[in-house]
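Undergrad: Spelled out from the first residue to the last, the chains are:
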Amino acid sequence: MHQNKKIWNPERECADRQQLIELQSKQLTGMVKRMYDNVPFYRNKLKEIGLEPGDIKSVDQLKDLPFTTKTDLRDNYPFGLFTVPQSEVVRIHASSGTTGKPTVVGYTNQDIDVWAEVVARSLTMAGIHSGDTIQIAYGYGPFTGGLGLHYGAEKVGATVIPISTGNTKKQLQFMTDFKATALACTPSYAAHLGESILKEGISPEDVKLRIGVFGAEPWTKELRNQIEKLLNIKAYDIYGLSEVIGPGVSMECECQCGNHVFEDHFIPEIIDPETLEVLPDGQQGELVFTTVSKMAMPLLRYRTRDLTRLHREKCDCGRTLVRMDKCLGRTDDMLIIRGVNVFPSQVESVLMDMTETTPHYQLIIRRENNLDILEILVEIDEKNWSDSIRELEGIRRQIDQNIKSLLGISAKIRLVEPNTIERSEGKAKRIIDYRNC
Amino acid sequence: MHIQQLSVFLEDKSGRLTELTRILAENDVNITALSVAETADYGIVRMVVGRPELAKKALEKAGFSIGLTDVVCVSIPDRPGSLYHILEILTEEKINIDYMYAFSNNDVALAVIRATNMQQVTEVLQRNRMELLSKSDLYQL
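Residue numbers (numbering that gives the first Met the number 0), protein chains in the order written: chain A, 0 to 436; chain D, 0 to 140.
Bear in mind the hints are in silico, worked out from the structure with no lab data behind them.
Certain hints may be false.
[To be verified] Residues of chain A clear of chain D, computed beta-carbon distances all greater than 10 Å: (1) 42; (2) 156; (3) 233; (4) 273; (5) 381; (6) 417; (7) 419.
[Said to hold, decoys possible] Straight-line C-alpha distance at most 27 Å; calculated BS3-like pairs for lysine-lysine: (8) A:198 to D:12; (9) A:198 to A:233; (10) A:411 to D:12; (11) A:198 to D:60; (12) D:56 to A:198; (13) A:382 to D:55; (14) A:4 to A:178; (15) D:60 to A:228; (16) D:60 to A:169; (17) A:168 to D:55; (18) A:198 to D:55; (19) A:169 to A:198; (20) A:62 to A:325; (21) D:60 to A:168; (22) A:382 to D:134.
Ideal placement from N, C-alpha and C gives every residue a C-beta, glycine not left out.
Whenever a hint applies, use it, and build me the whole structure from the sequences.
TA: Set out below in structure tokens:
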């Protein structure tokens, strides 16, 4: 019997730092040249700061190069930032544009191979290999979740159930009948599936899951605990964004002390979002990626708007790859309410600490008489609610106090019926902000 | 001698109570008693019905959150002082009432009572020869 790999690509994942820097430098030089030669947008940006592609010889020079933003992607919609002719592009993905145009990304055959490789590394990190059956309940389609996980899962030799999102009944039927051992989806959908298993009265022995790989939205450690309990699994965080490649940019190992960034392909930096200066390891700031191996649509210092920290101390798993903390949230998920920074994940952690409520919530922000009003809708627990108004009001007051002590602002807490807050089969709709409408 | 009361959590949205009663009607469930306790945002509907288990199932299927709560239903004469008499007994036994609802007609008054320790309530009332309605008095056959 062959031994399952613990590390998919030890040569890269456990590389010596000096070797890695040499590889990154070589790749960066090539990427900048491809950009300069093929994309007017980048050529102009580099010319503005007086740089020729030949000037870039080392990854140390990255800090002097210009940033790319989501706006740049929109301005060059749809294919303006592709560095290869369309004949070499074998796949296009697009992320739903909640505001305006979608963000479009392209892949060459080589890009698809790299993507499968980094997802294979990720799944191996979580302990998924040949012999496992993985239910991929991420959306298949222009969203990168489904197909991204799919190619990597096939590469490690797992049996793939490409069920995509939605149709919870069928999800549960396939999960039990096909004896899925791993589940990949958004954390909020994982929680929903866990609750549905209870609701449908499915016996825990019929659920064979042991590992979950969840991402595409920020989630708290409290939600992780709840999912692990509901599904009786170990849950891992996979991080990615379509602009960089999709899921598989970074992944948690068994030590669960941050996500290892596959920096041989995606070089991370942390910057101060105001001054744009690079921050030292350990300091929180905005995560920036340079996708040095990408062929169809490489990005130079792409500002993700995700807030996190980087750590370079050696990890017990043996990998030398830099680690990033679990994202606290996106700079654009961050709400400023009465001048206070509020992340939905903070509200989630309050609710998860209480036994009487569910993790299903929604933040509604209005402006009344020039004052921001935050209302938090919280679903009561279907199984565990009291018909005594006194007790319900007690719960409401408790949430109110806990929110106030954590956020420093007061919110109006509204208890709502179970299953009434829009369920995410993809990403949770946590925020409704009426202030700019 | 406990009666199972159906409790329903309802958001303050128009038509929810109508929807609730429609489902009961369609399932041929008779409502014996009903009260609504409301706050600014939500209400709790409490009712004694003829087929509690069936009603619970049908309402849950329609997405309502249902709780079954033990209550007692006391039958007393419809005249001044009879409710006072019962409450006096309960107070002497240091029983705190969480909530109650009552209605009288045709010389008889019915009071639905919920307290934290329902076992004690039943014992005390029976010991004092109060007439408690049983399931068979209320449930549809």
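Undergrad: It remains to establish, for every hint, whether it holds in the given structure.
TA: We went through each hint and held it up to the structure:
no. : hint           : result
1   : 42             : 57 Å, holds
2   : 156            : 42 Å, holds
3   : 233            : 32 Å, holds
4   : 273            : 40 Å, holds
5   : 381            : 5 Å, violated
6   : 417            : 5 Å, violated
7   : 419            : 7 Å, violated
8   : A:198 to D:12  : 25 Å, holds
9   : A:198 to A:233 : 21 Å, holds
10  : A:411 to D:12  : 18 Å, holds
11  : A:198 to D:60  : 11 Å, holds
12  : D:56 to A:198  : 13 Å, holds
13  : A:382 to D:55  : 13 Å, holds
14  : A:4 to A:178   : 22 Å, holds
15  : D:60 to A:228  : 26 Å, holds
16  : D:60 to A:169  : 18 Å, holds
17  : A:168 to D:55  : 22 Å, holds
18  : A:198 to D:55  : 15 Å, holds
19  : A:169 to A:198 : 14 Å, holds
20  : A:62 to A:325  : 24 Å, holds
21  : D:60 to A:168  : 15 Å, holds
22  : A:382 to D:134 : 24 Å, holds
Checked against the numbered hints listed earlier, the structure breaks hints 5, 6 and 7; every other hint is satisfied.
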